[in-house]
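Participant: Listed below, chain by chain, are the residues.
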Amino acid sequence: MIPVCAVRDLPVGEAVRVEADVPIAVFNVDGELYAIDDTCTHQDASLADGWLEGCLIECPLHATCFDLRTGNPTGPPAKKPVRTHEVVVENDHVYVRVSTSILQHGDVA
Amino acid sequence: MRAITVVGASLAGLSAARALRAQSYDGRIVVIGDEPHQPYDRPPLSKDFLAGKATVEDIALSTPDDAALDVDWRLGHKAVGLDAARRAVRLDSGEELVSDGVVLATGARARTLPGSALTGVHTLRSLDDALALRAELAEGGPLVVIGAGFIGAEVASTARSLGLDVTVVEALPTPLAGPLGPEMGALVAALHLDHGTRLVTGVGVAGFVGEERVRAVRLADGRELPAAAVVVGVGATPNVDWLAGSGVGVDGGVLTDARCVTEVPGIVAVGDCALSYNRFAGAVLRLEHWTNAVQQPEIAAATLLGRRVEVRSAAPYFWSDQYGVRLQFAGHRRPGDVVGIVEGDPADRSFAAVYRRGGHPVAVLAVNQPKLFGRLRRELAVPEPEVVR
Ligand SMILES: Cc1cc2nc3c(=O)[nH]c(=O)nc-3n(C[C@H](O)[C@H](O)[C@H](O)COP(=O)(O)OP(=O)(O)OC[C@H]3O[C@@H](n4cnc5c(N)ncnc54)[C@H](O)[C@@H]3O)c2cc1C
Ligand code: FES
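Protein chains in written order, with our numbering: chain R, 310 to 418; chain P, 5 to 393.
Treat the hints as calculated values from the structure; they're not laboratory data. Accuracy of the hints is not assured; some may be wrong.
Claimed, not checked - Reference excerpt, derived from the structure (chain P facing chain R, CB under 8 Å, subset only): (1) 66; (2) 67; (3) 69; (4) 323; (5) 374; (6) 375; (7) 377; (8) 378.
Unchecked claim - Here are the computed lysine to aspartate or glutamate pairs in the EDC-like style, where the Cα-Cα straight-line distance is at most 20 Å: (9) 389(R) / 267(P); (10) 375(P) / 395(R); (11) 57(P) / 133(P); (12) 375(P) / 376(R); (13) 51(P) / 133(P); (14) 82(P) / 96(P); (15) 389(R) / 132(P); (16) 82(P) / 143(P); (17) 388(R) / 69(P); (18) 57(P) / 187(P); (19) 375(P) / 399(R).
Beta carbons are placed, not taken as given, at the ideal position from N, Cα and C, and that holds for glycine.
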């Protein structure tokens, strides 16, 4: 598991980025925490910098929205899903269990 | 609608085909494109593709899903004439395609300067241009870039990253003063100096020196800048010449209303070739931005299919990547707007600035502030949406 931050450092509506093998973004949607790959599947943009609206994160560069629950894009230009990861909270600390899924960009889950 | 012809097989043309299918149109779609290539993305041509970090496959726009669009592609064919009353498009092969709807998506081409025919003098608009320039940059500098607009600046940035000696020449006293205003133009242009690019401003280009191959660029003040290669980045001209006498109104772009309709019903225009009424700006604009070439086709498709269209008042948006810095701009700046920095410090090359008119925020520029930009662009003064039909 990768340590992310203290729970209090990730308030509602905010996001943090952590460096793993690939960068991962963790979001707080009304108290529910979600983790996905941070880099947009379209081009080079960090989704932690995106606009959060409910469970959708809008990419800051070309505005594709990804569903944090599934990782799926809801529209173009991105076509491929981002990986989702399990978030674990222990002793007021946020961790991410990086998904070992070998889901390749391009496969639709 | 049983048959629709799209002229231009790039971002706007492909987006039109996708939008028509997404809106349940099941008739015939023919897309005509004068380039031999399948649609590709242009922004990387001055960035990662030019740097050799992206391949032709990486910049392809079509995806496997697009096979379902069932498009009859006519690549390598140029449209040479339009009979608007019959919605008939004539191809260079002599073939004529008559359809119920026509989408004009012919984009723009790079402007040139007299003498540009010399070997070593480049423009950058197409994949072939980028391949030629990439090969030239591999031979080394010095490189002279004429024009410090976005494409010129991106080429300079990429060439510096490849280790070339680069000089940028700009006729205006301040680069990017048109889109960004003089204050922000100066701050953004400082990126060149940070990265060892020479910037010569306020002086025009008199001509090129060299017989077959360019050896130098001669400036209006008599100075000569030695050049192994030159990139002319002085803007783009819409590809609308072929519409002369067609019955479709053209005035430095195909004139359309906010729903992308030209003066002729059943003929719409989208993307870089369209001079459209823009509700956000309250003016007709010819936007040369990627996002516009994706958004307009959705409206145009709905218009052609006779569906209710909510004309979005979204602020025009573009981005530019230079020297590892991401610029984002939304809104519409006019001379006289008052700009102020609202966050960050220009010295850190990380800040956001808001342009105001009569106290209202009308545009925002963000430099390496993508998250803040997302908030500020949503605070721009947007007119109420207008539902037509
Ligand atoms: C180097 C470069 C970098 C860019 N970077 C950015 C960026 O960072 N951010 C941003 O927002 N925008 C950027 N842009 C702008 C963006 O790429 C354009 O706005 C977009 O390509 C417009 O799409 P379009 O389909 O309207 O026109 P185009 O992409 O110009 O395509 C028009 C197509 O129609 C074809 N055509 C023309 N006439 C005919 C004819 N008579 N018959 C048949 N076919 C015809 C053309 O050959 C072309 O293939 C960049 C552009 C360039 C060139
Ligand atoms: S980089 Fe995310 S949509 Fe383009």
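Participant: Now look at each hint and say whether the structure bears it out.
Facilitator: Quick rundown of the hints versus the structure:
1. 66: 10 Å, violated
2. 67: 5 Å, holds
3. 69: 7 Å, holds
4. 323: With Cβ-Cβ at 6 Å, under 8 Å, it holds.
5. 374: This interface hint holds because 4 Å falls under the 8 Å limit.
6. 375: This hint holds: residue 375(P) lies near chain R, its Cβ roughly 4 Å from the closest one there, short of 8 Å.
7. 377: Holds, because the Cβ-Cβ distance from residue 377(P) to chain R comes to roughly 7 Å (cut-off 8 Å).
8. 378: 4 Å, holds
9. 389(R) / 267(P): This hinted pair is violated, its Cα atoms lying about 39 Å apart.
10. 375(P) / 395(R): 24 Å, violated
11. 57(P) / 133(P): Distance ~17 Å between residue 57(P) and residue 133(P) Cα, so the pair holds.
12. 375(P) / 376(R): This hinted pair holds, its Cα atoms lying about 18 Å apart.
13. 51(P) / 133(P): Within the cut-off at roughly 13 Å; holds.
14. 82(P) / 96(P): 5 Å, holds
15. 389(R) / 132(P): 28 Å, violated
16. 82(P) / 143(P): It is violated: about 33 Å lies between the C-alpha atoms, which goes past 20 Å.
17. 388(R) / 69(P): 9 Å, holds
18. 57(P) / 187(P): 33 Å, violated
19. 375(P) / 399(R): 29 Å, violated
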